[in-house]
Amino acid sequence: MEFNKILKNALLVIVAFLALSACATKKAGTGQMQGDVYTGTDTVEYLASGVPDRVFFATNESVLTTASRETLRKQAAWLRKNSKINIVLEGHADERGTREYNLALGERRANAAKDYLMTYGVSSDRISVLSYGKERPVDSGSNPLSWSKNRRSVTVKAN
Amino acid sequence: MIKKITLFIFILFPLNAWGLIKVDITRGNLDPLPLAVSPLAIDNDSRTKFQKILNKKDIGSEISKIVEKNLKTSGLFNPLDREAFLQKPDIANLKPRFEDWKLIKAQALITGKVNFIDEKLRVEFRLWDILAGREMMALAFTTVPTNWRRVGHIISDKVYERLTGEKGYFDTRIIYVAEEGPKTQRVKKLAVMDQDGFNNKFLTLGNELVLTPRFNKTSQMVTYLSYFRNLPRVYLLDIETGTQEVVGDFPGMTFAPRFSPDGKKIIMSFAKDGNSDIFTMDLESRVVDRITNHPSIDTSPSYSPDGKFISFNSDRSGYQQIYVMESNGKNVKRISFGKGLYGTPVWSPRGDLIAFTKLHKGKFYIGVMRTDGSGERLLTENFYQEAPSWSPNGRVLIFYRETKTDDKGKGFSAKLWSIDLTGYNEREVKTPTDASDPSWSSLLSN
Numbered sequence: 001m002e003f004n005k006i007l008k009n010a011l012l013v014i015v016a017f018l019a020l021s022a023c024a025t026k027k028a029g030t031g032q033m034q035g036d037v038y039t040g041t042d043t044v045e046y047l048a049s050g051v052p053d054r055v056f057f058a059t060n061e062s063v064l065t066t067a068s069r070e071t072l073r074k075q076a077a078w079l080r081k082n083s084k085i086n087i088v089l090e091g092h093a094d095e096r097g098t099r100e101y102n103l104a105l106g107e108r109r110a111n112a113a114k115d116y117l118m119t120y121g122v123s124s125d126r127i128s129v130l131s132y133g134k135e136r137p138v139d140s141g142s143n144p145l146s147w148s149k150n151r152r153s154v155t156v157k158a159n
Numbered sequence: 001m002i003k004k005i006t007l008f009i010f011i012l013f014p015l016n017a018w019g020l021i022k023v024d025i026t027r028g029n030l031d032p033l034p035l036a037v038s039p040l041a042i043d044n045d046s047r048t049k050f051q052k053i054l055n056k057k058d059i060g061s062e063i064s065k066i067v068e069k070n071l072k073t074s075g076l077f078n079p080l081d082r083e084a085f086l087q088k089p090d091i092a093n094l095k096p097r098f099e100d101w102k103l104i105k106a107q108a109l110i111t112g113k114v115n116f117i118d119e120k121l122r123v124e125f126r127l128w129d130i131l132a133g134r135e136m137m138a139l140a141f142t143t144v145p146t147n148w149r150r151v152g153h154i155i156s157d158k159v160y161e162r163l164t165g166e167k168g169y170f171d172t173r174i175i176y177v178a179e180e181g182p183k184t185q186r187v188k189k190l191a192v193m194d195q196d197g198f199n200n201k202f203l204t205l206g207n208e209l210v211l212t213p214r215f216n217k218t219s220q221m222v223t224y225l226s227y228f229r230n231l232p233r234v235y236l237l238d239i240e241t242g243t244q245e246v247v248g249d250f251p252g253m254t255f256a257p258r259f260s261p262d263g264k265k266i267i268m269s270f271a272k273d274g275n276s277d278i279f280t281m282d283l284e285s286r287v288v289d290r291i292t293n294h295p296s297i298d299t300s301p302s303y304s305p306d307g308k309f310i311s312f313n314s315d316r317s318g319y320q321q322i323y324v325m326e327s328n329g330k331n332v333k334r335i336s337f338g339k340g341l342y343g344t345p346v347w348s349p350r351g352d353l354i355a356f357t358k359l360h361k362g363k364f365y366i367g368v369m370r371t372d373g374s375g376e377r378l379l380t381e382n383f384y385q386e387a388p389s390w391s392p393n394g395r396v397l398i399f400y401r402e403t404k405t406d407d408k409g410k411g412f413s414a415k416l417w418s419i420d421l422t423g424y425n426e427r428e429v430k431t432p433t434d435a436s437d438p439s440w441s442s443l444l445s446n
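If you read the protein sequences in the order shown, they are chains A and B.
Be aware that the first sequence starts at 1, since it is given in the numbering used here, and climbs by one per residue.
Be aware that the second sequence starts at 1, since it is given in the numbering used here, and climbs by one per residue.
Note that these hints are calculated values from the structure, not bench results.
The model shown is predicted, which means the values in this text are computed figures rather than measured ones.
Ideal placement from N, C-alpha and C gives every residue a C-beta, glycine not left out.
Mixed in with the good hints, there may be bad ones.
[Stated by the list, open to error] Not everything, but these chain B residues come out facing chain A in the computed CB check (under 8 angstroms):
no. : residue
1   : Arg186
2   : Asn230
3   : Pro232
4   : Asn293
5   : Pro295
6   : Ile297
7   : Gly340
8   : Thr357
9   : His360
[What the hints assert, rightly or not] Only pairs whose alpha carbons sit at most 20 angstroms apart, straight line, appear in this in silico SDA-like list of lysine to any residue:
no. : chain 1 : residue 1 : chain 2 : residue 2
10  : B       : Lys410    : A       : Asp42
11  : B       : Lys410    : A       : Asn143
12  : A       : Lys74     : A       : Gly40
13  : B       : Lys272    : A       : Asp42
14  : B       : Lys217    : B       : Leu236
15  : B       : Lys189    : B       : Leu236
16  : B       : Lys361    : A       : Asp42
17  : B       : Lys272    : A       : Met118
18  : B       : Lys217    : B       : Lys361
This is chain B alone, in the form it adopts within the complex (with noise of 0.2 angstroms):
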C-alpha cells in the first residue's frame, strides 16, 4: 500500500552549534519568525526528466512550495512571498548575498537544489540564519521520484528541529474515519492521508460502520472498531497489506482501542451485560488480562509513554471522570475535578500531560491536564468536539468538530481541526469529505 521508504541522509558540513535564531514554542507564538524559502535549484536536465516521469513542472518550486506550507501551518514561521525575492536560486544556494535576504526582513533562509541521478531524486538544502550571515546546517537526500512530497516534509522537520530544538512532526500521517450521507445514516470509512492532507486513501469499503482508527507508534499497524456483520469488535489492520483480523476472541463488543507503546499489546474496553471494563491482549502470546473490574463504565484507556501507567474514563463516581492506574490496574486514582464530565484522556508523547474533551453548560472542550490533575487548560470551545489525538512531538493536538444542525436538522457536517498546546494557531485540517476520529502517526523517518 505505501510506498518503501528508501531516503538515504547525508550530512554534507557539520551543523554548526552558534546558530542564533531561536524560536521558543512554549508561548503561544504572536510573533512568527519570517523566513524565505526560496525555490529549489533545478537543472533543465533534471527538469525535463521529472516533468516526464511526476508530471510537475518545477519539481523543485514545488518541493519548496511543500516546506512553505508546512512551516506556516506550524504558527512558528512566517513565509515570505517569494515574489520579494532578489536573489536566484541557483546563486543564492552557492552563497547568499545577506543583506539582499535582511532587506525583505528574513530572519532564516532555506535554498537547496535538485537533481536527476541515475532514475532517483537527490534533492540539498542549506539553511542560513541571515542575521549571524552563517549557514546553519546542509543536508542532501536520495530517494525515488515519486517520495517528493516526503522529501518536503523531512526539509520541514529538520528545519523545525534546527530552529526550535525540538522535533518536527510533519513527515507523518494521518489515519481517520471518512463520512458521508445523512446524518441518520451516514458511511464511514477508514481513510489515511499525510498530514497536509494529501495523498488520500480510502481504506475500506463504506459496507459496515467503522469507528475510532488508531496507529501503532512502532509501526503501519492501525486497530479500530468495525461493525463487520453487525458485530462491534475490534480489529487489527496492516494498511502495507490490507490483511485484516478480528483481536481477540470475546463474546460481546470490545471497542476504544490502542496500541502499548512497545506496538504488543491492545488495550480496549469490553461490554458483556451493561457493564464495560478493560482489557488488553498480547498480539503475540494473545494472552488476554482483565485489567479493571468495576460495575461501572470504564473506557478510552491510553498508555503512558513509559507504558507503566493508564489513563482511562469511568462514571464510577457518578459522572464521567478521568483515571490513572498502574498498567496492572492497581492503584486507581481520580484525576478529573473541576465542573463538568471528562472524556477520552490521551496520555502526551512527552509523558507531561494528558489531553482530554470535557462537557460543561452544554459546551464541549478540548484541554490539557498534568498526569496528576492539576494545571488543567482548556483550549478550544465548541458546540461539539472530541477526541484528540497529539502530534508525535507533544506540540499539536488534531481532533474532529461537528456543526449543530438547524430546526429542521440540516446543516450537519464534521471536519479535523488542530490546534497547538499553547491554545494558538487552531486551523481546519482539510480532507475531501467529512472526517472524524483522527489519529496521528509518529514520525516516519528520523
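Bound conformation, chain A alone (with noise of 0.2 angstroms):
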C-alpha cells in the first residue's frame, strides 16, 4: 500500500515533468495540448451539467488519456443514473491520414471508449460505434491544434 503510494507519487511527478517538458518544446503548447492531444474544452458540449460529451487522443492513437477516462467515468455514471438513454459513440480522425485508414482508426478510437464505458457498467447493447474518419471536423484549421480537436470520440445521445 505504502509502496503503491510512492510509486503513484513517482507517476505523477514524471507526467508532470512530461506535461512540462511537452509545453516547453511544442510552441502550439498555449494550454491547451499535452504532448498532441487536446486538452482545451472550445469544441466540448455537455451530455448533463459537468459530463463532457467527448475525448481526444494522441496521433495514429486509440489509447485513453488519463483526462479521457476521467470524463468516461462521468459519462457511464450519466448513463447508469439515466438508464433508458442509449449513445452513439462517434470515432474521428485528423485530416493527416488517408481515407481508408481513418475510416478504422475512428472505428478503434470509439471502440477504446465504448469498452472503458462497459467495464464501468454500461451495457454494451445500449452503445453503437460510428466511425467518420477524417469525414467531420469540428475545426477546418491545418496546423496542430485543430488536428488535436479532430481526433476525437464524441458520445451522442441515440434517443
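Dock chain to chain to rebuild the complex, using the hints, since each chain is given by itself in its own frame.
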C-alpha cells in the first residue's frame, strides 16, 4: 500500500515533468494540448451538467489518456443513472492520414471509449459505434491544434 | 445511363510494319513528338446534318480537337498549331504533300474525314509518317452520332498505340466523389465523367456520405462506401441501370472495397470491436471469406492483376506499412521499409509495380515500388494527397490533393491530379466541383 503510494507519486511527478517538457518544446501548447492530445474545452459539449461529451487522442493512437478516462467515468455514471438513454460513439480522425486507414482508426477510437464505458457498468446493447474517419472535422484548420480537436470520440444520445 | 456502344471498326489497309517514328514512353519525355492533327474533312451535306443533330458547327473539326487535346495531355506529343497548316483537310487526307508538313516540323500527321451515312456517323482517319513519307495506319468507324466524343478518344488511342507500342487510355472514364460545402460539413456525391472531364454525371444526390468508388475492370459496375441510414457499408452499383445493393450482411462497418480482377469478388475491410480485417465476398454465391485475422488495422486491399496476390495496408508493426500476401491470406510479407508511413497500395495493371501514398515528415507523397518493395520511387510531394488509381495501360496515375487551410480555416479545396509513372507531366484533372477518390475505368473499347 505504502509502496503503491510512493509509486503513484513518482508517476505523477514523471507525468507532470513530461507535461512540462512537452509544453516547453511544443509552441502550440497554449495550455490547450498535452503532448499532441487536446486538453482544451473549445469544442466540448455537455451531455449533462459536468459531463463532457468527448475525449481526445494522440496522433495515430487510440489509447485513452487519464483525462479521457475521467470523462468517460463521468459519462458512465450519468448513463447508469439514466438507464433509458442509448448512445452512439462517433469516432473521428484528423486529416493527416489516408481516408481508409482513418475509417478504421475512428472505429478503433470509438471502441476504446466503448470498452471503458462497459467496464464501468454500461451495457453494450445501449452503445453503438460509428466511425466517420476524417469526414467530419469540428475544426477546419490545418495546424496541430486543429488536428488535435478533430482526433476524438464523441458520445451522442441516440434517443 | 450510358449509351450503348455500337462502334464498328474496319481496317482499310493493312498496317505498315515499317513505320519509323517511335515514341519512347519509358523515360520522362521532355521533348514531345511534334505532330499535326489536321481537322477531319467534312462535306457540306454531312456538316448540315450533324449541325442539326449535335448542335456543333463542324463536327470534323471538333473530333480532331479531342484528339489534339488527348495527345497533348499525355505529355508525349506536341500537336502543332492549326494556323500553320498549309494543306486543306480534304486534300491532305487523300495524299499529304509531305514537304509542306516537314516545313512546319511535323513528324507525324493525322488526317481523316467525316460522313453522315444512314443516320450514322462514319469517321475514317489516317496516320502518316512525314519523314518516311508513308501511311502508318488507316481506320474507319461507324457509330451513332452522339458517340462523337468517343470516336475522338478511340482515334487518340489508336494513334498512341501505333506510335508508342502500348495501349492508350483515352476511351475511358473516371468515377470519383464530387464534393461541395464547408470542410466540416462536406456534401459528397458519386460522379462519373469521361477521362477528359466531359460528360460529367452525378450518380447520387448527396443525401448521404459516399466514399471510395471503384470500377470493376470488366464491366460498368462500381463498388463504394455509403453512409446510407448512418450505417457505413460497402455497396454495389450498376451505373447502366442505377440499381444498387449492399454487399454482404456484416454486423458492423465495411469499407475500402475493390473488385477482384475477374470482377467476381469484392475485397474489403470489415471493422468490429475496434479491429479491422480483410474479407472477400463472392458476388454470385455470396460466400464470405476471411482473409486476414490480426488485432491490428488491416485495410486498403488490392489484388494483383492475375488475382494470385493481395497487397494491403496494416499497422501490425506499430505503424502503417504495406504488406503482400497470397490471395488466401497465407505468406504475409511486409514490403515497405523506407522512412515514414505507407498506405493505399494499388497494384499496377501490368503487375510489376505497386503505387502507394506515403507520409513522411509532414509531407504526403505518391510513389511506386516493385512488388517485393524494392526500387521505391516518389513521384510527387505535397501538403496532402493520396489514393492513386492507375490508367488501364499502367502509365499514368490519378489521385486527389487537398489544400492547407489558412489561420482562419479558410481556403480548403480537393482536386484531382494526374502524373506519369516517370514523375513528369503532373497536371490537374478539371472537374465541375471539388473532387476526391478517383478510380480509372478500363478501356471501354479495344
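Review point. What are the numbers of the hints that this structure violates, sorted from low to high?
Key: 4, 5, 7, 9, 13, 16 and 18
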